[in-house]
Amino acid sequence: MYKTSIRGKLIQGDKSLSKISQDILAPIDAKTPRWWYIAMTISMAMFGWGIYCKYVTISTGIGTWGVNNTVGWGWAIINFVWWIGIGHAGTAFSIFLLILRQKWRTAINRAAEAMTVVAVGCAGLFPLLHMGRPWLFFFIFPYPNTRGPLWVNFNSPLFWDFVAISAYLLISASFWYFGMVPDFATIRDTTKSKIKKAVYGFFAFGWTGSSREWLRFEALSFVLGGIAAVLVVSVHSIVSTDFAVSVEPGWHTTIFPPYFVVGAIFSGFAMVLTLVTLMRKLYNMTDFITDSHVDAVCRILIFISLIMGTAYLTEIFMAWYSGSQYEMFTFFQNRITGDYAFQFWAMFTCNALIPQLFWFKAVRSRLWIVFIISIFINIGMWYERFNIVITSLTKNYLPANWATYSPSIIEIGFFVGTLGMFSVGVLLFFRYIPMIAVSEVKSISKFNEEIEPKEHH
Amino acid sequence: MTACDVIIEIEQLSLVLPEKQSQKYNLRSVTLTEYTKLNTFLMKTYWRSLEELQDPKALRIQEAREEAKQKSLLYKSEGGNGGNSRRDFLRTLGFSLAAASIVASCKRPVEKAIPYLVKPEDITPGKANYYASSYYDAGDYCSVVIKVRDGRPIKIEGNELSPISQSGTSARVQASILNLYDGARYKGPENLSKKITWGDADIEIPKALKEISEAGGRTVLLTQTVISPSTRKLIQQFMESYPGSEWIQYDANSSSGMLAANMRNFGQRAIPDYRFDKAKVVVSFAADFLGTWLSPVEYTKQYTAARKLDDGQRDMLRHYQIESHLSLTGSNADVRFPVKPSEEAGIILALYNAIAAKTGAEQFSGAESAVDVSSLADELLSAKGKSIVISGSNDENVQLLVNAINKLLGNYGQTVLWDSALLTRQGLDREMTQLNADILAGKLDGLLVWGVNPVYDQANGQELEAAIRKLKLSVSFAERKDETARACQYILPEPNYLESWNDLEPKMGLYSLAQPTIAPLFDSRSVQESLLTWSGTAMTYGDFIKSVWESDYYSKQSDYNDFRLFWNYTLQKGVFETPSSADISYSDEGLSVAVTKLPESQSGTEVVLYESIALGNGKYANNPWLQELPDPIAKISWDNYASVPVAYAEEKGLVNESVITVNGLELPVFIQPGQAKDTIAVALGYGRVYAGKVGDEVGKNMYAYVSEENGSRKYRIDNATVEVVAEATFPLALSQTHHSMEGRPIVRESNLDEYLLKPDAGNELHEEHEKHHATLYKEIEFKGHHWGMAIDLNSCTGCGNCAISCQAENNVQVIGKEQVRNRRIMHWIRVDRYYSGDPANPTVSHQPVMCQHCDNAPCENVCPVAATPHSAEGLNQMAYNRCVGTKYCINNCPYRVRRFNWFQYVNNDKFDYNANNDLGRMVLNPDVTVRSRGVVEKCSMCVQRIQEKKQEAKLGGRMIEDGEIKTACQQSCPGNAIVFGDLKNPESKISKLFKDKRNYHLLEELHTLPSVGYLTKVRNKA
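Residue numbers (numbering that gives the first Met the number 0), protein chains in the order written: chain S, 0 to 456; chain L, 0 to 1021.
Since the hints were made in silico from the structure, they are not lab data. One thing to keep in mind: the hints can contain errors.
What the hints assert, rightly or not - In silico DSS-like links for lysine-lysine, alpha-carbon gap of 27 angstroms or less:
hint, chain 1, residue 1, chain 2, residue 2
1, L, Lys996, L, Lys949
2, S, Lys14, S, Lys191
3, L, Lys232, L, Lys206
4, L, Lys193, L, Lys692
5, L, Lys193, S, Lys53
6, S, Lys53, L, Lys949
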């Protein structure tokens, strides 16, 4: 199916299988570069500030945030949705591209999955700590109890949300981890350090690479992948119901589930692009993460960007078509114009217009432009969530309640903290885990040899 | 013995201890050390052996060692090879688990309640008692019923039997309960900040008074208007026993001009009884009679009664308001003319002339009128004898003219009555001015200050303070800290009105009693008792009142033929009426002179100093409930501010929170629609410097700018110098920032003529939405009750009483200026205020909004933990214990009535208000949970009141009667705007109101099915 002659080589530089292992695993055994320490220090500082802000939040109360009795949700929920969206990339890459039999994904999916796990971890902190009494978060579990029993409210989207996110975190973490087991075994077998041997040996689960093990491995990937494929669609659909089930103007709309899923994949891919371009630059992975990879992701982004633009316009059209003055007000007087016009237009420009530059090959082939645009998309997607959460809440039904919202330093710190947490996670991943799935890359390496392309088992 | 057992045993111990010891140990929790102490205390010393008797400590140590040795041997033998066995591990594990669970389960401190040995007859713990009493302060009178729970007064309700306040209260009356538990109250008598005893005071002060008297010196007793007949009597006695002493009544917000005019026209130092319920046309010149003028609760009752339409009434009072700053009264007026204060006199004169021309009376020439009054005059003449013309001016000449107008209109004896004249304001400003000058000039020797604070509210306060310090004798009877008391030698604190006896005569022929509802919390003594003692009468004030009533009033009735019965029943009812009539005739003395001395219209900027609805004359500045009550018009709390006209702000580039200087004083700007051109308004009552933690340095003291004109206080600055302070800002705590309804059908209104043609005028949408209500789901059926509430927008004046009443009933916390500004105010009921029309003179709508108790509540289905379910009686409930604080319900409430506890508001030094000390917390209602940090709260429709009445009915074996249950906001509403009841009962008032054509539900198009209905506002524009 896959014609190398048409698509070009998947791995550059005529590498042998052992050379592939060597090249990919090199950073793990090599001396830690200086930039890594610098980056790690900065990330830890951000992370530390975040921890301080979380401490303040828990000890003093969410009164330390900018939210109020009109705008009950602020940056916490914006960032939650944003991180969850980013967390979509890994699974989307692994599963959808697997289903579509896109072999090129193998060079990227490990990084994408790692990103997913860290991002979902970051995301989970927000709904937990935005609770008034986070120490009672377990009330949201439907656990048997002696109070009746008193169950959770199965009608509440927040409960669905909780189930969806925890399932997603569990599945994506397992999927990511089990995919790494053969690579851990490779490190265990090649490394000279005793400590590393022991540590990687532990995580390798005694993997020997027998046919039977590979058979089980494939089966497990298949099962987890199957579950994850459903979750990719369900998680963000359910996150969207946090809004869509309400009566708030601008929230109460049926377009939200597909709109959120597509938006999530959009931001996820953009973040993958950001990371992968960095990885390629920092670790000279040009042979594995080739120009055609970047090119492929850019093309996907053009397509998704068009969907996003359509979704935005549809929302505006529906607001007008509904004839509801509350909807009209929200879209026309509090988004397109009004106090939050900047945020709306930032969203529209970053998500629907700027990615259209990818139509030009000259843009796609310049890595630094691609990097910058990917950052723009990340920002644009953040503004999208800002638009949804804040504009609807600030000016809703009764004008007497209208209020403005601006984040407090604690809220900002919390967000910066998760950025720090994310980069700490990514840096640890760069340093201690094979960035590219060695075993999977090897499986496509034969395409480099000019043999008759066959379908991969 | 587990830890639990220890505690239980301690509890039992405390019961058998001798009284003194049990007091010592009868604390909230008893620690283990104390337990051992207790044991030692209880036990005789027993000994087992001679060794123990000789050296018990050594023996015990030895025994312990032996035991430990044996135990370790035991463990070793079990473990086999000497190491820890699995059994050991399990044992340790089991022990630590058990220990942990015991510690966890016994965490709560033990609190003891000791039952009465002999139970007082009328006190049942957990059940409230109600005592009739009377509130009177700073000219505000209100007959009240005090709710006393377990010995603590916790809530004030209006007394239904009073013909004056008729179960209504004002926000200030509601909040006065908190003054009882104010930390700024003086704890006992002091002499120059040193504690003294009452005995010392009773020796030293009469001695000083006598010395002054004998030396021919002068002593002045300075009080606010005293309406207590017994007190007036004993003050006379007191003055007789100290010749040369004098009594001066002084009202900071005075009606001196009116009194002077009435003394000329009628020979009465009183104010006639205005009956708004009998009027068809009311013309008010800057008299805020629904907010602060004379007797606002009474007037609100009458005014709203004259504008009710729900009982098939087809006629309504029409109200004209001519004023400069948008007052609460002005916001309710049908027609309002914004004018400069100096133009008012000219308009009144023009009105007089127009009426005089038609009635053939003498006309006077004078300044031109800023408003065309010819149609107004015609309307007044067509309602002859059924109109009221009033003026808030404190100028005698203006009041003479107003009296003349009322005379021409034949209102005396019809709507303006002298038979039941109002006595609550009797201070003549010229007396105080003279006194002020005398103090400065050193012509005074002794000053006894009671209930007034001239150092704060006289323009030359600081000089006055210095001069008072130099007096031979200065005594303050202040209940709590104030600036004048600080300057006095002696502070002899009077008790709170809830701790004392009193009798009052607010109107001629109308008497009421005040009784103590709690033993004095501090070492205070009523002023009357001090005066009695010093004038040589050894009698308590309570007995004195009784004797006065026995001699003076007992004979005026025929219902009871025993004084004791008369007294007891009057005390129980709180009020006593005797028919009174006054033969008073009008003489137009001074009118022709007065019209030549009317204030002339000025060209410069005029600053109006008005009385704030919340703080009044500033006496209650330390009351956090009042400080946090948003102004009914501006919706600002915790500050006074300069209200500037919209056009002025545009011209000068000012926005809210900009800063301007008025005659050098920096003030924050608030842009007030309806503020007249070239005027600025600033509230009085702020800027106290010695009021207590809460009230110090809140706002600016505008009394410093009150001057004198024609012998009375002038609450206005003419030709003020106003300058913009560039780039300065001052934060203001606004609880509402958007003022337009944006064309949404939120407050639905119509005019009387439209309403008479079509009762659902303005409410056509209601039927439309009712038709479209459809659901796929099974509709809830209510088998028992279905509680609902109806709010008549025509009766709500927006006064804010409900917010404070609710706050007192439901333990709503105060959060301070910064948090109010962050839009986190906790009030369960808020009054939304919208403007429409011309910003220079807008139409105003007030709408109280609380939880709508939707039967299809959006908040309920989004809560993940089911913390806010629907009751079988249609109430939307909050289970605080269950709430984890996701705030989704707040977001999904279209009415935004849910309140979040963003911080720990109780017991938190960052929120140092009444809930941060034991004294202030005494006001808490034990029937209502105090919410902790992180949970959502909201209006419960006073579910505790519903339950109480349901239980009473159940015990009585009867059905609940309609109107038996009253919510806190409803019970004391001075406008009777709120009706609560059972929608399942077709005969109930609420069911009838829900069927009224004026009824609609807020945001009914959302199909939330609220249990709260609103009746459209009907105006009466010409």
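Results of checking the hints against the structure:
{"no.": "1", "hint": "L:Lys996 to L:Lys949", "in the structure": "31 angstroms, violated"}
{"no.": "2", "hint": "S:Lys14 to S:Lys191", "in the structure": "23 angstroms, holds"}
{"no.": "3", "hint": "L:Lys232 to L:Lys206", "in the structure": "22 angstroms, holds"}
{"no.": "4", "hint": "L:Lys193 to L:Lys692", "in the structure": "21 angstroms, holds"}
{"no.": "5", "hint": "L:Lys193 to S:Lys53", "in the structure": "50 angstroms, violated"}
{"no.": "6", "hint": "S:Lys53 to L:Lys949", "in the structure": "46 angstroms, violated"}
Hints 1, 5, 6 from the earlier list are contradicted by this structure; the remaining hints agree with it.
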